[in-house]
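Model the placement of chain B on the given structure of chain A, informed by the hints.
Protein chains in written order, with the numbering used here: chain A, 1 to 96; chain B, 1 to 420.
Since the hints were derived computationally from the structure, they do not count as laboratory data. Note that CB positions come from ideal geometry on N, CA and C, so glycine has one too. Check before you lean on any hint, since a few could be wrong.
Rough simulated footprint, nothing fancy, chain A against chain B, three-plus residues with beta-carbon under 8 angstroms [stated by the list, open to error]:
no., segment
1, 249-261
2, 303-309
Not everything, but these chain B residues come out facing chain A in the computed CB check (under 7 angstroms) [stated by the list, open to error]:
no., residue
3, G244
4, R245
5, R403
6, A415
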Amino acid sequence: MIINHPLLGPRDSEEFVYLGAADLINRPNNWEQDASAEDFYQYQYIRENIAGDHRELWYHEQGDQSWLVVTRNTLSHEIINVELAQDVSRGIGRGK
Amino acid sequence: MSKTRYSGFKVLKEALTGHKGWEPTWRDAEPKADGYDVVIVGGGGHGLATAYYLAKNHGITNVAVIEKGWIGGGNVGRNTTIIRSNYLLPGNEPFYEFSMKLWENLEQDLNYNAMVSQRGIMNLIHSDAQRDAFIRRGNGMLFADAGCEFIEAKEVKERYPFLDMDNPRFPIKAALAQPRGGTVRHDAVAWGYARGASDLGVDIIQNCEVTGFNIENGKCLGVQTTKGEIKAGRVGVCVAGSSGRVMAKAGIKLPIESHVLQAFVTEGLKPVMDNVITFGAGHFYCSQSDKGGLVFGGDIDGYNTYAQRGNLPVVEDVCSGGMAIMPMIGRARLLRMWGGVMDMSMDGSPFIDSTEIDELFFNGGWCYGGFKATPASGYCYAHLLATNSPHEVATAYKLDRFRRGAMIDEKGVGAQPNLH
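Chain A on its own, in the form it takes in the complex (with noise of 0.2 angstroms):
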């Protein structure tokens, strides 16, 4: 798979490590409150685990260090989509 990289341009995926679901970014920032075990749990052990397009966190260790969101789909492994995570998170409100 070539993962085209918006900084450095096709790169290939060997060169990433995978983590997964890019819903990991969404770590609850609940963390004081009582009801953040139940938010923890889901954030940390349950997956969406789609068939299809599937938004995903890829970690470019063998180049920039830097972490993408890339857009793949899980039946025919065609990448959509990439982008950097450090925008994906900012767009959400989180992350400077």
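Below, chain B alone, put in the same frame as chain A:
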């Protein structure tokens, strides 16, 4: 119901009478209008075994197994056929040992030649730390009555002279073996259970895809399929590999990711390996089929996928694992390679449990260890479906174990499914 009893005598008789007396191995059925006591979704090894044990152990014969394609066309037809019970943790080891004992009596029980071959499995040890870890695992196996054997390097070399004992990166220091492990003819497991279940009255319905569940007031009343609605007193989903897709139709999300595992077979060779050998410093396992092909596999590809095919980097990775311990494999040509979709769970261990919906049950999350578990999975799932309580060797396989912090993490890598 007529039942052909397979025997040497029967083969001889048919050979002399023009093979006119053979009957279909199982009865191909269509859905009954009044429905079933139990509908099992998924006609793989586990689903068919579940139906067989429901009928045999619990007398529940008004059962249908519904299958999207043809029976045994999923992972039971795609694995590397290895059976073993060399686990460590108390939540797992008694279950897998129970499975091994069922394997040992499977052919007599089913009157079906599944070619169960207890040729032994040998896990190679490459470092002192690994020797300690494997001795601990061996003790766990002895506690569970699974048996094991510690083999020093000298003897490993004598038994298998083709192994690269002095590989500079991965020297072979010793091995932990389970002499009762081995291989089974995988397709025959599906066919044997199908025959056994069918003879006891179970309907096996092929080309029947589940398109939805009929759920009212939190209770499952049946399934919608491409062959119409099927009423059911109880529904047992058993579709490892497609668990995410099927359970999504019931609105249930799981602690599972789907990944692809590839397997490989070389051209037929003269006999070189009489057992199963696994690499301890990487991920590679190999046995030789009766046709002579070296059957082997390694790691999953590592990204979410439902495609039954993998990519080339893992092919290279698996083959380098093979080259590291048995360089002779480099002279063999690869004949075929294929992929199967695995339910990778968050701790590497499976689920056999009820769900938040009444009368809807779930069996899945087998990672890439489902084949060896087939008999026990069916036995325990049947027990759960019949009695609504878990079988004593499967009490740990609860869906809510992560919520309770009771995970069964053999490898100790945490909630990272592609590392299990």
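In rising order, the numbers of the hints this structure does not comply with: none
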